[in-house]
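Required output: the full structure, derived from the provided sequences and hints.
These protein sequences, in sequence, are chains H and F.
Quick note on the working numbering: the first sequence kicks off at 1 and runs consecutively.
Quick note on the working numbering: the second sequence kicks off at 399 and runs consecutively.
Derived by calculation from the structure, the hints in this document are not laboratory data.
The structure presented is a predicted model; accordingly, all values stated were derived computationally and were not measured.
Wrong hints could be hidden among the right ones.
[What the hints assert, rightly or not] Covered stretches of chain H (in silico footprint by chain F; criterion: 3 or more residues with CB under 8 Å from a CB of chain F, positions within the stretch not fixed):
id: 1; region: 51 to 62
id: 2; region: 157 to 170
[Stated by the list, open to error] Simulated pairs of lysine-lysine, BS3-like, Cα-Cα distance not exceeding 27 Å:
id: 3; chain 1: F; residue 1: 614; chain 2: H; residue 2: 10
id: 4; chain 1: F; residue 1: 614; chain 2: H; residue 2: 365
id: 5; chain 1: H; residue 1: 10; chain 2: H; residue 2: 80
[Said to hold, decoys possible] Which stretches of chain H does chain F cover? Using the computed rule of at least three CB atoms under 8 Å from a CB of chain F, they are:
id: 6; region: 10 to 17
id: 7; region: 70 to 79
id: 8; region: 186 to 196
id: 9; region: 201 to 214
id: 10; region: 220 to 227
id: 11; region: 261 to 267
In this text, a Cβ means the ideal position worked out from N, Cα and C, and glycines have one as well.
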Amino acid sequence: MADQALSDVKVLDLTQHFAGPYCTKMLADFGADVIKIERPGEGDPSRRMGPFLNDEPHPEKSGIFLHLNTNKRSITLNLKTATGRNIFKELMRDVDILVENFGPGVMEELGLGYEVLEEINPKLIMTRISYFGQSGPYKDYKGSDIIAEGMGGPLYMMGLPDREPVKYGDDTTLFGIGNYAAAATMVALFVAEHQGFGQVVDFGIMEALQSCVNWQLTMHPTYQYKGAPVGRETTAFGMLPTGGFPCKDGWVYMIVDPGWWPKLVAMMEMPELMEKFSNVLDATKKDEFDAIFYPWLLERTKKELHEMAGSVKLNVGAINTMEDVLNDRHYNERGAFAEIDHPVVGKLTYPGRPFTMTETNWEIKRPAPLLGQHNEEVYGKLGYTREDLVRLREAGVI
Amino acid sequence: MAKTLPLEGIRVVDLSVIWAAPFTTWLMGCLGAEVIHVDNTQHMPDFHRMFTRWPFPGDLDLPGGRAGRPGRKVGERPWNRDAMWARIGWNRLSCAINIDTPEGKEVALRLVDKADIFMENNSAHAMESLGLGPKVMMERNPRLICINMPSWGRSGPYMNYVGWGALHEAIGGHDWMRGYPDEEHPAHNVFRFHMDSTTGPTALFGAIMGLIRREKTGKGMWVDYAQMESMFHHFGEIYMDAAWNGRDTRTIGNRHPTVVQGCYLCRGPEPTEETARYGGERWINITINNDEEWKGFCDALGNPEWTKDEKFSDVLSRYKNHDELDEHISGWTRLHDNFEIFYMLQEKGVPAGPVQDWRDTYLDPQLNAREFFQTITQADIGTFRYPGWPWKFSETPLRVLNPPCMLGEHDDYVFRQVIGMSEDEVAELTGKGTIGVLDKNAPYPWAGPMPENIWGEK
Chain H
1 MADQALSDVK
11 VLDLTQHFAG
21 PYCTKMLADF
31 GADVIKIERP
41 GEGDPSRRMG
51 PFLNDEPHPE
61 KSGIFLHLNT
71 NKRSITLNLK
81 TATGRNIFKE
91 LMRDVDILVE
101 NFGPGVMEEL
111 GLGYEVLEEI
121 NPKLIMTRIS
131 YFGQSGPYKD
141 YKGSDIIAEG
151 MGGPLYMMGL
161 PDREPVKYGD
171 DTTLFGIGNY
181 AAAATMVALF
191 VAEHQGFGQV
201 VDFGIMEALQ
211 SCVNWQLTMH
221 PTYQYKGAPV
231 GRETTAFGML
241 PTGGFPCKDG
251 WVYMIVDPGW
261 WPKLVAMMEM
271 PELMEKFSNV
281 LDATKKDEFD
291 AIFYPWLLER
301 TKKELHEMAG
311 SVKLNVGAIN
321 TMEDVLNDRH
331 YNERGAFAEI
341 DHPVVGKLTY
351 PGRPFTMTET
361 NWEIKRPAPL
371 LGQHNEEVYG
381 KLGYTREDLV
391 RLREAGVI
Chain F
399 MAKTLPLEGI
409 RVVDLSVIWA
419 APFTTWLMGC
429 LGAEVIHVDN
439 TQHMPDFHRM
449 FTRWPFPGDL
459 DLPGGRAGRP
469 GRKVGERPWN
479 RDAMWARIGW
489 NRLSCAINID
499 TPEGKEVALR
509 LVDKADIFME
519 NNSAHAMESL
529 GLGPKVMMER
539 NPRLICINMP
549 SWGRSGPYMN
559 YVGWGALHEA
569 IGGHDWMRGY
579 PDEEHPAHNV
589 FRFHMDSTTG
599 PTALFGAIMG
609 LIRREKTGKG
619 MWVDYAQMES
629 MFHHFGEIYM
639 DAAWNGRDTR
649 TIGNRHPTVV
659 QGCYLCRGPE
669 PTEETARYGG
679 ERWINITINN
689 DEEWKGFCDA
699 LGNPEWTKDE
709 KFSDVLSRYK
719 NHDELDEHIS
729 GWTRLHDNFE
739 IFYMLQEKGV
749 PAGPVQDWRD
759 TYLDPQLNAR
769 EFFQTITQAD
779 IGTFRYPGWP
789 WKFSETPLRV
799 LNPPCMLGEH
809 DDYVFRQVIG
819 MSEDEVAELT
829 GKGTIGVLDK
839 NAPYPWAGPM
849 PENIWGEK
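Structure (structure tokens):
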């Protein structure tokens, strides 16, 4: 019996950058055999992206590549050559899933559209990730993280009222997309197992962001129902604190709903405030309250405030720096980080499992692969000899 | 054999609240699963239906998200028509069970007996004190995929704390790495949370993996999914940079770490409190990754003299002179509508996109060409267009199965057909208030009657 949930699932991975590799990482970390196909010579462009260990640019030291490609095997293959495409078709025979994030139409131009691949592998699942989807007037348009947020998501609503909208940090949006793509791939796999056929999952990033539930995206019907756009307005209730607040050693974030006001008073251990501020919706009292609240906060650390709030079940969070995150008690006691050993960078800290489950597990069986590390293993299985591989390399195929 | 929806035949019992888990079960419903939400009208507040209280005067007229009700009216049954709930209230069924009572708990467990998946995202403490923790569930139904998704998970020192998206933006470090780099203050009106949107698909991934695993082992499984950890992978390389290189990454705002990128004001009003609240501002996002895209950008502008400056001749020099370049770009974008710039730049192969407001989104040519929006009619709401699902499956296209479910709408089906209660039992439990909704017009005893003058009319 397979020891991980996806141990008998085979995936060919043509993705690069973030969203696609994150999708296939989720499959690989739960046991799928993922063969990552990289361009000969340079490989996945994320190998060239920072952060690098010790800030030393090196294709095997990119943090983002090492993070997103755990448990995968890497082969190099040039799909722009006829031989490369033929080898690709040979690989197609024995897989369940193909994931790609080229622009729409690129696979068809290579002669590797679903109709062609389906002939070779009738139950194939092909997950296709693109910014705007495989059809429609924008399908060939280019995107980026911020463009996706602007057209698909929350950007219109984020930021200060008299300034430009401001995006999420990092490439967060594109990472989230990897979760969607992985879930869709699992859906198609479930269908293939139950109903016996493969299919194409057409996954457009803009559409996924418009579909996801978040404060701003539940605003679709709000806009329709109320007939008013929802913008970058403040979310504070009357005099109640909302947003980031300075404390002794940094900042804390809180939102206090009118119903939670007694909890805040309990946390401050100042019962007299209940009477003093009997109408919390009265915004004119804000300055008076802040004059008490700010000095009180400044006497306490973010961790103290966070734990005090936790004990009265109020939502106050320490605005953690990266060092705080690494040292966070809760993350560490839950085992959210993993140690992974890699032949070039050595043993280092990585983000660990997304969740825990009984009956199966998340596991790092191998670190992210070196470029073309598994050429001999994978091509050997297809019957290519070492001499063949030399010839293919000279011809620029692998 | 006719093709069926992907999860047809899978039954989900749903005790989810607010966004993250209701989003997960909404996705399951769209995929064809029979999602039965357990409403509990005795419980205050009803965070599933966003019915937390009768609205405050003025709520309905606020432009923001609170109290989004059709026509800005409370309506006879506000619990059936809140926008934030209705967004994900379709493709699911509703039954009302008072799970605060021992009899109610037993009814809920009998429903779990008939389920494939159980999903909830209450605090760990809440489920345990109800006596409906995962141990109980798994004992009752060993084939169950039981997903508990409390904010902090079910272990660790903060396990019993409450939490939601806003809090975890701070805890996970996101508040530290987002926002304006030139403001000292770290949280700039960023009341939008990545956490809720990402937990949905990840929990779905876990649930289907559980179903696939069950095929082989015959056993269900328990998934402990801390919502706070849903973003953990997304900031992976930032955490790694901290662990490996000791770097404390802070926000760079809208900029890209290596290439030119920004959000630029276009023709239209200057941003003010007023425009931020009521709309009208026009913004464009532009990313220029390489020399080819830079050439396309210059072509789109008609190659003015400043574009030939040495300062902007390559990727590195452009990045080093980003501030000055931004001045030039803004000078140009201010003269044009954001959609005009979007089309002009994309024609030249330059990544660009408008910052869309709600009207832009509903009229969006791409989303409409792909039939993204779904028109749904529900008696207490009327007819509106809702955002659809995130994927297109070529062989098993998804569809609208039910409009946003009304409170207790499917009591009859759930109690008689799914659980198999006799008429006598239904009558007895209904009489006690254990199941069903006693007063369909005032189901929430804790809320009291609707205030007389709740801005004049219902």
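Evaluation of the provided hints:
Chain F is given as covering the region 51 to 62 of chain H, and this holds because 4 residues of the stretch bring a CB closer than 8 Å to a CB of that chain, at least three being needed. Counting residues of the region 157 to 170 of chain H whose beta carbon lies closer than 8 Å to any beta carbon of chain F gives 14, which reaches the threshold of three, so the coverage claim holds. With a C-alpha separation of about 17 Å, the suggested pairing of residue 614 of chain F with residue 10 of chain H holds against the 27 Å cut-off. Between the alpha carbons of residue 614 of chain F and residue 365 of chain H the distance comes to roughly 22 Å, so the proposed pair stays at or under 27 Å and holds.
Only pairs whose Cα atoms come within 27 Å are accepted, and residue 10 of chain H paired with residue 80 of chain H is accepted, the gap being roughly 24 Å. Against chain F, the region 10 to 17 of chain H contributes 0 residues with a C-beta closer than 8 Å to a partner C-beta. That does not satisfy the three-residue criterion, and the hint is violated. For the region 70 to 79 of chain H, the stated coverage by chain F is not satisfied: 0 residues place a CB nearer than 8 Å to a CB of that chain, which falls below the threshold of 3. Three residues within the 8 Å Cβ limit are the bar, and the region 186 to 196 of chain H against chain F gives 8, so the coverage statement holds.
Counting residues of the region 201 to 214 of chain H whose beta carbon lies closer than 8 Å to any beta carbon of chain F gives 13, which reaches the threshold of three, so the coverage claim holds. Chain F is given as covering the region 220 to 227 of chain H, and this holds because 8 residues of the stretch bring a CB closer than 8 Å to a CB of that chain, at least three being needed. With 0 residues having a beta carbon nearer than 8 Å to a beta carbon of chain F, the region 261 to 267 of chain H misses the requirement of three or more and the stated coverage is violated.
Consistency with the previously given hints fails for numbers 6, 7, 11, ordered from lowest to highest.
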